[in-house]
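Q: Residue strings, one per chain:
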Amino acid sequence: MKNTFVPNPKEAESIHIIREVAAQFEKPVLMFSGGKDSITLVRLAQKAFYPAKIPFPLLHVDTGHNFPETIEFRDKLVEELGLELIVANVQDSIDQGKVQEERGRYSSRNSLQTTTLLDAIEEHKFDACIGGARRDEEKARAKERVFSVRDDFGQWDEKNQRPELFDMLNGKIHHGQNVRAFPISNWTELDVWEYIKTENIKIPSIYFAHKRETFVRDGMIWTASEHVYREEHEQVEERMVRFRTVGDMTCTAAVLSEAETLEEVVDEIRASTISERGARIDDKRSEAAMENRKKVGYF
Amino acid sequence: MSTENRKLINIATAGSVDDGKSTLIGRLLYDTKSLTTDKLEAIERNSKQKGFDYLDFSLATDGLVAEREQGITIDVAHIYFNTEKTNYIIADTPGHVEYTRNMVTGASTSAAAIILIDARKGVIEQTYRHFFINDLLRVGHVIVAVNKMDLVDYDQQVYEDIKKDFEGLIEKSNYSEDQVRFIPVSALHGDNIAGGSENMDWYQGPSLLDYLEGLEIDESEDNSAARFPVQYVVRPKTDAHHDFRGFAGKLYGGKLAVGDEVTVLPSFTSSKVESINFFDQEFDEAIPGSSVTITLEDEVNVSRGDMLVKSNELPKSEKQLSATICQVNSKPLRTGAKYILQHGVNQVLAKVDSIEGLVHTDFSGTEGTDQLKLNDIGKVNFRLSKPIHFDPYQESKSNGSFILIDEGSFDTTSVGFIQ
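Chains A and B, in that order, give the protein sequences.
Counted from 1, the first sequence has number 97 at position 97 by the working numbering; the numbering is strictly sequential.
Counted from 1, the second sequence has number 1170 at position 170 by the working numbering; the numbering is strictly sequential.
No lab work stands behind these hints: they were computed from the structure.
Predicted model only: the values in this text are computed from it and were never measured.
Backbone N, C-alpha and C define an ideal beta-carbon position, used for all residues, glycine too.
One should not assume that every hint holds.
[As the list claims (entries may be wrong)] 30 angstroms max Cα-Cα, derived DSS-like pairs, lysine-lysine:
no.: 1; chain 1: A; residue 1: Lys-27; chain 2: A; residue 2: Lys-2
no.: 2; chain 1: A; residue 1: Lys-202; chain 2: B; residue 2: Lys-1331
no.: 3; chain 1: B; residue 1: Lys-1085; chain 2: A; residue 2: Lys-197
no.: 4; chain 1: B; residue 1: Lys-1379; chain 2: B; residue 2: Lys-1331
no.: 5; chain 1: A; residue 1: Lys-76; chain 2: B; residue 2: Lys-1237
[Claimed, not checked] Computed from the model, here is a short list of chain A residues facing chain B with C-beta under 7 angstroms:
no.: 6; residue: Asn-3
no.: 7; residue: Thr-4
no.: 8; residue: Ile-15
no.: 9; residue: Ala-23
no.: 10; residue: Lys-27
no.: 11; residue: Lys-47
no.: 12; residue: Arg-135
no.: 13; residue: Phe-153
no.: 14; residue: Gln-155
no.: 15; residue: Lys-172
no.: 16; residue: His-175
no.: 17; residue: Ala-271
no.: 18; residue: Thr-273
[Said to hold, decoys possible] Over the 10 angstroms line for every Cβ pair with chain B, so calculated as not near, a few chain A residues:
no.: 19; residue: Ala-48
no.: 20; residue: Gly-64
no.: 21; residue: Lys-125
no.: 22; residue: Asp-218
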């Protein structure tokens, strides 16, 4: 019997996009947070160029408030695959006086990342940044093109985007501009989890149920950590939780869960009636929180 | 198989303002339990704030501040939902001013289109335009959803009259009757969306979702020829793969198998397929839609933008071409203008030789013009700096279409369908 390759349409589309980035740009980079979407991107990039290595480095914008499990995972992955990792530290931007640490109850370094990211793009002269954003995540992201042109201030002009027709991608830009490229735009959260399961991709342990010191505020489960502002009356308790989305500790809430295996995680996502970004504290700031961040250079 | 392969259906919606597109999409999401509690709560909250006594599903799809401010859809939104059998991507295109450009964008990747008609208004000028664009782009399946049946007392005669009117359009088009499906619906109340309708027992056909679930989407583009544009040359130069030289790309049209005689374009050198690789596995053959890496038996010169085809299925190779153009940028296309023409992953320079005429989207023919403005559709002749290797659009969507890029702004200004 003939051994016929039958493609997964979403995987094939993503690989096509990643190859277009590598071919059309001088200095691409893959934005890597250590979360499931960027881990999926790494696997797709591996497949796009196999048996050659991934022909661009990874860039992690590290807020300094990440979960230690994520950082440990990141370093191991980079070593195993022989990849180049560039870390841009938000702490450096703070030390240089470029951004100011937020204060108070909802203080987070999440929005400070934009400055650090834009500086890294300028310093390394990246002309394309591959990101793991998905259109199903958030309504402003649903409007983003696969190749999204940003000016030299990193700004997104949502009203003046290039139409994308068929699968032809126009990556022509002027010096100083850059493109944010989103290969998994058309994936849903469930697509990502099913892919991780069938491909048996390793992910950080915090995605599985574990015991963690937490407290509850505004109906969300926050991680108790020196980096997370907490008032005395907000009582810390050990809970069985996992994370559905992983940003840094100050903007990612945990969910109560018993799911310990990938099968159980996928079943839980399938049955869930809450969207993924329902656990993102950064999106709750306002109706247009994501759109406003994107306009000034967030990805 | 590399992963859980659900069928994927891309759908574009088309309709005028206020004919209930967002409500229809919202209803589909709601009935397939694809709207999460937090999103539904947000819709309920915002609908109440606006003083509506119904759920305003457009709040789920209008993602930009400017859209919510004005209550209109400005740009294409992509909406996703899965059933047990199928992954759906719906391109929700605006019904407003810039309709043609956005509809073409949405329809370019779609295998099916839903054209909404307000039962109270029947077939209107917009309907012509929607149907014409689907016809021009050869979207395989059209579903005519006659909406707001609740507002005409679920009257069968109203539906039959609209159906009859529309059948007049089908006669003027390239569609056959079996490619167009009529369904009477009420998106607001959910009649014939994901389930049946007690109010319309005279309708015996499938609901919208049942019909979509049963659609056979033919990826092979009607038995068109195999086309493999090379995106990237893979050269690992590692100890384990020192001599590996693979050509990475996506296969369109027909199958490609190990041992097939192939011709490399534009050099017209021949070789045979030595191996078909995907990640760490080798395969005997690949079907259309595969993003694989191919090696050839001979050391032939192949670079990005080249195309591998079966030697007995050569496309046309020409420096002149005629195409139907849809202008998607506010800078008009004029005779004598130069563009970067991107055909798949290949780019050449192109000059507009002549504009034959402006095409009317009501199927009434063409008229002479010296320019194509935003949203215009016209027939244009081009001269190219180098030949491209194409098929007519009606034989191959991927190899018969191109985009034009402005040399100054680098904007994508036009999309072309080769005749």
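Q: All hints, please: hold or fail.
A: Right, here's what the structure says about each hint:
no.	hint	in the structure
1	Lys-27/A x Lys-2/A	40 angstroms, violated
2	Lys-202/A x Lys-1331/B	49 angstroms, violated
3	Lys-1085/B x Lys-197/A	18 angstroms, holds
4	Lys-1379/B x Lys-1331/B	17 angstroms, holds
5	Lys-76/A x Lys-1237/B	24 angstroms, holds
6	Asn-3	5 angstroms, holds
7	Thr-4	5 angstroms, holds
8	Ile-15	4 angstroms, holds
9	Ala-23	5 angstroms, holds
10	Lys-27	16 angstroms, violated
11	Lys-47	5 angstroms, holds
12	Arg-135	5 angstroms, holds
13	Phe-153	18 angstroms, violated
14	Gln-155	15 angstroms, violated
15	Lys-172	4 angstroms, holds
16	His-175	11 angstroms, violated
17	Ala-271	10 angstroms, violated
18	Thr-273	4 angstroms, holds
19	Ala-48	7 angstroms, violated
20	Gly-64	29 angstroms, holds
21	Lys-125	18 angstroms, holds
22	Asp-218	13 angstroms, holds
Against the hints set out earlier in the document, violations occur for numbers 1, 2, 10, 13, 14, 16, 17 and 19.
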